[in-house]
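S.K.: This is what each chain is made of:
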Amino acid sequence: MTTTDLGVTAEVTKELDSPLEIAGVKFTSRLIVGTGKYTTNQIMIDAIRASGAEMVTVAVRRVDLDRTKEEAILHHLNPEEFFLLANTAGCHTADDAIRYARLARAAGFNEFVKLEVIGDDETLLPDVQATIEAAQILADEGFKVMAYTNDDLITALRLEDVGCVAVMPLASPIGSGLGVVNPYFIREIKRRLEVPVIVDAGVGTASDACLTMEQGVDGVLMNTALAAAEDPVRMAHAMKTATIAGRLAFLAGRMKSREIAVPSSPKVGMLD
Amino acid sequence: MSSTEQIQVRLNGKDRDITFGHTVQSLLEAIEINPLAVVVEVNREILNRDQYSDVGIHEGDTIEVVHFVGGG
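Chains as they are written, first to last, in my numbering: chain P, 19 to 290; chain F, 191 to 262.
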């Protein structure tokens, strides 16, 4: 049993839920978190541990040879403790994304990559054509591609067709914190795909994570919602419990909603 | 060529003069980079770590030394 500092229990037993399985790798936590934008590395690692996430995303960048700041993430993040998911964030073409993915794989941790090809700098919405093209090439090279995409069903189906091991539609634009703007299409993508569907980007607070998981998706990925919270560690506890809450609520099957009241206590047995 | 001759390379986006005769391995050591903590690309070709001692650095080479940083 995991008990948070607030005394909130967040236990998921085998009876309650099965693990999240991506390309044969099993994860107990359905929450995946990023490592960017934290004010300090200590807050980052504390927040990640509080979130319960096992898979964490990292970016590939040039080493700062002037050593103006200590930026190497692996000084702080033990690769034995977390499953590293390298991303291709910042790439605007299929060729760039493929190059970054190959560099990430050469680091030697695993063959997974979070494929991200940006199509527009103002919205950071994905270039889905370039994403599909890069996904096909990377999948053919043996990469386990987890593709960031928009909430378009046809694109999601194509990404599955070309061999992605997970498809990751956005809840709303990266870093926006707007929550799930289109729950219907998220549900449709989940309903039609066989590979895991992980909602990536746009979650702002705990209710967004809960609502996301209530759509029936397999997991949720977030970064800014934790890093930009006033108290990232406390928010990480909230996201952990919200993700579990939404998942269990989905599995439990919610009651039918209706627009009239129905009493919960017996009508009989009232005093005269 | 003598071993003290300087050559120019492009290293992580900046022109640098280095001594002729370096391998990738010795260059990383010279700039105090742990070879196990980075991935190196020379002229757009990604190297395996076991190639570092065999691949020589030549005039005009474009070298990228990358690692993982925080990201989402």
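Treat the hints loosely; a few may be bogus.
Computed footprint of chain F on chain P, listed as stretches where at least three residues anywhere in the stretch have a Cβ under 8 Å from a Cβ of chain F [claimed, not checked]: (1) 49-55; (2) 75-81; (3) 95-106; (4) 114-126.
Rather than coming from a laboratory, the hints here were simulated on the basis of the structure.
Cβ atoms here follow ideal geometry from the backbone N, Cα and C, with glycine treated the same way.
S.K.: It remains to establish, for every hint, whether it holds in the given structure.
M.R.: Going through the hints against the structure:
1. 49-55: holds (count 4)
2. 75-81: holds (count 7)
3. 95-106: It holds, with 3 qualifying residues against the three required.
4. 114-126: holds (count 7)
Consistency note: the structure conflicts with none of the earlier hints.
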